[in-house]
Every structure is written in C-alpha cells, then in structure tokens.
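**Q** Residues per chain are reported as follows:
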Amino acid sequence: MKIIVCIKQVLDTRVPLVVNSSVMQKEPSPVYIMNPADRVALEKALEMKASLAGGEITAITAGPARAEQVLRMALASGADEAVHLKDEVFEVSDAYTTALALGKVVKELGYTVILCGNKSLDIGAGQVPAYLGKLLDVPQVTGVIQLEIISQERVRLWRRLERGKRQIVECPLPALFTIDPLAGQPRYVSEFALRQSVEKGIRNLMLTDIGLTQTHVGSQASLIRVVNLSFPKPRPKKIYIPDGSMSASQRMSYLLSSGLAKGKESNLLEGTADYLAKQVVEYLAEEGMLPKQLAALEPDG
Amino acid sequence: MTPAGNTLAIIVVVILGIASLALFFSGLIQRYRLLRLGREENRFDHIPRRISSLLLFAFGHWSLLKSVTRTDRAGISHFFIFWGLIIFSFGYLFFIFGAGFYEDFAVAVLGWSLSTALAFITDIFGVLALIAIVWGAIRRFIIRPERQSASLAYAYFMGTLGILLVTYFFMESFRIIAGEEASVLRFPVGLPLAYALGGIGLTKSGAEIWYTVLWWLDLAIIFGFLAHSRYSGQFHAVAAPFNIFLRNLRPKGVITPIDLETAKTFRVSTIDRLTWKQLLDGYACTECGKCQISCPAYLSGKLLNPKNIILDTKEHLLKHASTLLKKGAVQHGNFAGDVIPEEVIWDCTMCSTCEHECPVMIEQMHQIVDLRRHLVEQGRVSPNVVKALDSIRFLGNPWEQPQSARLDWAEGRTVNLIQDRGEVDVLYWVGCAGAYDPRSRDISLAMVRLLDEAGVNYALLGTEEKCCGDPARRMGEEGLFQTLALSNIEVLKKYSFKRIVTHCPHGFNTLKNEYPQFGGHFEVVHHSQFLMELIRAGRIRLQDEQELRLTFHDPCYLGRYNGIYDPARQVLQAPPKTTMIEMESNRSKAMCCGAGGGQFWIQSEKGRRIEDMRFEQVQELGVQVVATACPYCTIMLDTAAKIKEPTGAIKVMDIAELVVKALGQRV
Chain A
4 MKIIVCIKQV LDTRVPLVVN SSVMQKEPSP VYIMNPADRV ALEKALEMKA
54 SLAGGEITAI TAGPARAEQV LRMALASGAD EAVHLKDEVF EVSDAYTTAL
104 ALGKVVKELG YTVILCGNKS LDIGAGQVPA YLGKLLDVPQ VTGVIQLEII
154 SQERVRLWRR LERGKRQIVE CPLPALFTID PLAGQPRYVS EFALRQSVEK
204 GIRNLMLTDI GLTQTHVGSQ ASLIRVVNLS FPKPRPKKIY IPDGSMSASQ
254 RMSYLLSSGL AKGKESNLLE GTADYLAKQV VEYLAEEGML PKQLAALEPD
304 G
Chain B
2 MTPAGNTLAI IVVVILGIAS LALFFSGLIQ RYRLLRLGRE ENRFDHIPRR
52 ISSLLLFAFG HWSLLKSVTR TDRAGISHFF IFWGLIIFSF GYLFFIFGAG
102 FYEDFAVAVL GWSLSTALAF ITDIFGVLAL IAIVWGAIRR FIIRPERQSA
152 SLAYAYFMGT LGILLVTYFF MESFRIIAGE EASVLRFPVG LPLAYALGGI
202 GLTKSGAEIW YTVLWWLDLA IIFGFLAHSR YSGQFHAVAA PFNIFLRNLR
252 PKGVITPIDL ETAKTFRVST IDRLTWKQLL DGYACTECGK CQISCPAYLS
302 GKLLNPKNII LDTKEHLLKH ASTLLKKGAV QHGNFAGDVI PEEVIWDCTM
352 CSTCEHECPV MIEQMHQIVD LRRHLVEQGR VSPNVVKALD SIRFLGNPWE
402 QPQSARLDWA EGRTVNLIQD RGEVDVLYWV GCAGAYDPRS RDISLAMVRL
452 LDEAGVNYAL LGTEEKCCGD PARRMGEEGL FQTLALSNIE VLKKYSFKRI
502 VTHCPHGFNT LKNEYPQFGG HFEVVHHSQF LMELIRAGRI RLQDEQELRL
552 TFHDPCYLGR YNGIYDPARQ VLQAPPKTTM IEMESNRSKA MCCGAGGGQF
602 WIQSEKGRRI EDMRFEQVQE LGVQVVATAC PYCTIMLDTA AKIKEPTGAI
652 KVMDIAELVV KALGQRV
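As given, the protein sequences belong to chains A and B, one line each in that order.
Going letter by letter, the first sequence gives residues 4 to 304 in the working numbering.
Going letter by letter, the second sequence gives residues 2 to 668 in the working numbering.
No lab work stands behind these hints: they were computed from the structure.
Misleading hints may appear alongside valid ones.
Straight-line Cα separation of at most 27 Å, DSSO-like style, residue types lysine-lysine; simulated pairs [unchecked claim]:
#1 89/A / 107/A
#2 203/A / 265/B
#3 52/A / 253/B
#4 645/B / 607/B
#5 253/B / 467/B
#6 590/B / 607/B
#7 110/A / 203/A
#8 253/B / 645/B
#9 265/B / 52/A
The model shown is predicted, which means the values in this text are computed figures rather than measured ones.
Make the full structure from the sequences, and use the hints.
**A** Take a look at the structure:
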C-alpha cells in the first residue's frame, strides 16, 4: 500500500507576523514549522503503516529550498521517502496551481492513499486537497479523525462533526483524505533522529521534471488573486454578565468557572407535596415569618 | 579438640568446600558476565579519590552514619553488623575452622598476643552485631518502617548470621569446659557462658560432643550459604563497596553527554543498553528505601519509586540471566517504557534527592535520564513534552514565545546590551523564565535594579540569549540540548566579559557544569553569591528597619546539585531585623518544588501537587515570606500560595526582590 502525505511548510504563528497589503511578510527572524494538520496526517500515515505491517510512506512538499526542513522531519519520524518539488515560485502559488503541480508528482509516484492536513496554519483555505482530489479524479473525504483499512480496496473513515458527533463512511481506494488536526497527537522528532535521517535522501524534483514551467504555477496562473491582507480588527468578546444580585466574589467565581459555579441559590423547589410543604415551612421559619413553635410542630401521621 | 582431625573428615571438608566455593564463584562470575553486557563507561579515573571514598563511605560507613537521625538509627546497627561480620569471619577462620584441624592453629599462625586480641574483639563485635541483628529484626518485622520491606531474604541472611554468632560463643565455652586455658581477656563472652553451662551441669565429655556437632553444623551453614549466595538478596554486601569505589565523581547534577557523531542510538530497548555501572547499581542496592521516602514524586503519590527502578532493573537482569548471556538480549517489549513504565520515567523532577540519600551511591536519576532519552528518540512522549521541546527547538525557549519578545520584560527602562557595550565585568544571563514568565520578570527587574544600584558594569545578551538547554537535556532530548549548548557557547564566546551572573539555578548549573563538556568554560556565579559579594563590599546598603520573619526554600539545582546553601541565607539575614527560620527539610534534604527535570512542562498528573506539599511545610512555620533563589521555585510556590493562602499572608519572593525591598525608601 502506497501512502502519500502532502506536507506544507508554514510560518510559525507564535512569532508575530507582519502583514502588508497583499503579502504576508516575514518578520526579522521568521520561524518555519511543519503545518500542524499535516503533521497529524503524517502521524496517521505512520499509524496506518504500523497496523498494516507493510506499506510505504512518501512525504511530498512543493516549496522553496527551505521547505526541505519539513521533509527532514517527515523522514526522521519514519516516512520512507521524501520528494521535494523545489521552486521559489511556490511562495506565490495559489491552491489550484499548487495542487496542479502536486498532482503531477503524485501521479508519477503512484498511490493508494493520499493524506493531507485539512487546513494550513497560514492561509487556511483548505483547498489544495480538494483540487488535488479532483485533478487525480479520486474520492475525497474531509475532516477524518480515524481510519481503518478494511481491505486492499476499501477503507472505513470516521469524520468529525460538530458537538462531538462522528460520521462513519466507507470509501473505495485509491482515495484522498484530509485529516483533522484533532485526529491525533503527532510524535516528537528528536534532534538525533533528524541527524540520523540524513542517510535517507530527499528526491528533488524541478518543475521541468514534471513537465511544467513557472508560468503554470506562478501568480499569473492562479485562479485566486490576493487583493488585500490585514489583521482583523479586534472583536469585542461577548461576556456573559452574571446576575447583578450576586456578591462581587460570587460573580467572579462564576466567571472564572465559566458559569459552572452556583451563584445565588435558586428558590425553585421540586419534589413531592410533603417535601415541598416542609421546605416552605422551614423557609418561612428561617426568615422569621412563622412563630418558632409552629414550625417545630411535626405534622401528624 | 579437632573435629576434623582425621583424614576422612579432611576429605569431606575439602570436597564440600570446593563444591560450595565453586557454586559461590560461578554465581559471582555469572553476575560479572552480566555486567559486561552493559554499555561502556569509564569509572576508573581519579583512583586516589575513589580509594578515599571507599575508605570513608564503605569501611567508615560515613554514608550511613551521617544520615542517622533521632527517628532513624538503622545506620548504627548496620555499622556493627558490617564490622561484626568482617571480624567474625577472621575469628571463625582462626578459632573454629582452623582449630578444627589443628588445635593451636590461631596461636601458631598469629602468635599469642595477636590471637588474643582477635579473640577479644571477635567476642565484643559479635555481641554488638547480635544486638544489632535483634534490633534489626524488631525494626523490620514489628515496627515496619515505610522505606523497608520485611523480606524473607533479609530474614534468611540475618538469621544465618545470628545462628553463626550464637554458636560461636557456645563453641568457645565448650572449649573452655573441655579444658582450654581461658581468660576474660581472650573470651569475654565465652568464659562467663562456660561458667553458666558448667553451672547447669555440662561435663567435659558432653562439651566435646556438642563442640563437634556445632563445628559441623556451622561448616554446613557456611558452605550452604556460599553455595546459595547467587540467589541471595543480600548480594549488596559484595557489590556495594565496588559501587562506592566506582561512584560518579562529577558534580551530582551533571548529565553524561552522548557523542552524537559516533552514537548509533540513544535507545534502551534492551537492558544491555544500560551501562555496566547502571547494572552494578542493581547488585549494590541494599533495598534500604532511603531514596523512596525522600523522593518528592513518591511522597506526592506518583508512580515513581526510585528504589523500584533499580530493583526492577536487577530483577529483569537476573531473571533473564541465562537468555541474556546466550543471546545477548531479551526482547519483552522495550526495557524503557515496558519493564520500567513510561509514566514512572516521566514522574521524576530530577531533584537528585535519591542519589543524595543513597548510602551506596546508586545513580537512579541518571538512569532515568537515559530511559527518557529512549522515549524521546522513539518520539513516545506526551503532548506536553512535544509542545515544550518543539517550542525550545523552533522558538528557542520552552515558553512558546518568540525570540523577539525576549526583552519585553525590560520595556520602559534602559538596559545595557552587550552588543552596544563591548567589554563588561558581568554578563547577566536572564534565562527564559526571567524573560517570559510574568512572575519571574519581577526577579529580572529586581536584579537589574540591584546591578544599577551597586554600579556594576554589566550587560545582557538580549535577543541573542536562548534556552540554556536544561529542560531539554533533562527531558531526555540530548541532541537538542547539545545544539543549544553549542550555539549559546558560540554567542558567549563572541563577547568579552569577566563572568556570568544568573538568578536561575538551572541556567547556572548548565552553564557552569555542563557547557564545559562542549568547550564552554566560563566563570558562572549564582545571584545569591553575587548579591552577597555586593552586600559584603558595601556596594548595596540595606536600610530596612522593618521586622520580617521568613524562611528559605533551597532550590535543588543550587543546593544539592552544586552545594551552595549559605550565600542565599547570608543575603536574607543581612537586613538587621530579619528573623530566618529554617524549614524542617532544608539544605541537602530540602524537598523539591516540583518543577525540575522538565516537570514544569511535563506536568505529571497523578497524586498531589508537589508545590502544594512544600508550601504546606512553609505554612507550619508562621512566616511572612518564603524566600527562594530560583524563578521556577518562585512560580511553583507562588501558585501554591494563591490556593493555600489566598489572603496573601505568606509571600513567595526571590532573594533579589527581598534585597530590593530592604533597600528602604531610597530610590
């Protein structure tokens, strides 16, 4: 079984970004990482391989020279091969052109399963897998959190829906799946494993190797043109304001506990008639609205 | 009386002797061969230091005697059993065994006066050892301290020794009754016993028969014991002195580096991936449990028990001995992770108390580092660990903050950057906590204030400073640590400064003790030492007249790791009206705050929170402030304080903050 994992190198968003009209600019010292969803997709591929006791994982990326880093990580985590479609033009490619190029590579490599992260951390359009599936003419299942290979031709998938719901679908192979970042915990890739992985080579491909030129994947070929890029205006968060009759400390604990802490005791009583009557009497006695002797009276049989 | 004075008896003794010794030595050889399976490690350097520690700690028993407390006096008993056994061996050899063949064996070999002296001290130490054995039995089987289990192996060993000692005294007295010339000087125990036995009517011929019976009984016990020794749990008697001789001579907290260029793997998939010294640790373990009852992870109810790591290793080694020796390895899952469970491995705070407490110098903590290295190389680590290590690798700190924010703590004030200053006296290493954590930033600000106040010519590395690598190394990510160490050393070497001052004991330990492994030799001073210097030199004048009751929590990486206990205490006591109250567990016995060894990020969930337990110990003292000298201890205790002392009656403060406070009103 040949598993392809598509990986993108993205900017680490923990480092402040500089945004300038139409390009996401690099801050003075940019930090690049493997797209988190792709990392989970790779983890799923590794799990799949382990459960199959066979199969081969190929990680591919389309990107500039620096993107080699994510392939190194993939190899160090246990991918068998890595293919780098290397061109600076991918910095400006859109989802369609990227998928076009990836498709050519994947076709050449051969595949049974293609795994992609469902979204990238930077642009987050989530379109590359969709285009890729269309270009290869294979079924696409999105938002997958669990996979089970039923046979060489069939796979069962769990999709994550809202509110903890799951949808189980089956799909013939070959197919493309996008993996939800919550599908699993990616393993750690140690520095030592990275060094060791140098023995595994990365196969470098140029655009010409797959019969394309920069005009096919550059911005002129893009279906989408970025017009403007800006930081969102900070949106005031709606905060639930607790009952004004609570004391300040009660209100604070209510807010801190995300509304779990009981604020003021509710006066609504529920229960049997006997119980209710007793509660009412007790309440009245407590508030001094009933003579004490009366309250102490046991209701006779 | 010579029970073995005839040819037949001699033949029997020789045959049994050879057989039992053969079994004894085959056991020894098997254990030695098992040790040789382990990885290489050089423990034969600094021989004079090793000999002196052998004399002091093994023969002098200092490691046991120094830890004797009012509630735990077991060390004294052990001293007498240890020396009792050694002296008794000689006494038995000369006065019983040798004399079984030739009546005047002892006198013939040793001479009259030397043999008298030996007989005398054998009796004296024999009695002391007997008392110790009885006390030990009461302790183990009736009082039952938490740290020790009442094991059958222990009963067997002590019972055997007890029988041998008692029969020795009886045999002495039988010889006296049978007519041997006796004096109190020679037989201080045997002579009174002889009178007593004579008093109840033991005759000369009766004594002769009993002597012969006991002589053969003793011999049978000893031969049997030797033959059985390979299965005995008290093998520590043989291995412990070697373990002490071969002990780690580096500062406690220094982790053994691995050469990344030549290493093929870090994994400890099989037991033979431990070093031979780590295997010897198992043989040497006395099961005394001192590591157990001082381990913060164990005390807080986590799965880790450092004693069990060592014993499980030994058990695995001996259980699979024959397979290991034939095939070289046993595969039962992975040694790290399966034989020693993953959760156990991640519970450790690397506070080094276990190693500090161990009387036979076992290195539990260092073994845990090796086991973590295995899990990290496999990538089998918890999401918390992945997050912290990824953050260190990509961002240069475990706080998931960008490098560009490293100076944010100093916003709004001018700080000296070494890039602008050229040459300075002091390079102030702020550390990641001091740079990013809101609570610890106050410590950095206090430090800068004090450096200015004292007119120190100092500067910071600013955004060129990166994580020192301590959490990475102690979480088992040696490769990442070495990468960070090399890059930091390269940066540090670019600039000229006389010494490095840091308020973080983790950075202090790493820069001072671990960077030299990679060619980074710097003079590194902890801020407690540096502030003390400034106060002594009168460069900081403390004028605070307020009364203050405080205590000090010793950071592990400053105290146990580096033996620095006093400077912080001196700094704290410098203001005239400060009363310092020691915590019950202080200095080398101080309990960890729970953050070390990467635990700050690992966040083991089982059991109680260690910082809460430590803070409760503070609460007992009735102090206003608990001072510490580590940003991580400050954060941990401060967190505990917020929950346990919500009114803020006990403040957690770094010594630098207290010094700033004691500057008085001058601004």
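**Q** Which of the listed hints are not met by the structure?
**A** Hints 3 and 8 contradicted; others consistent.
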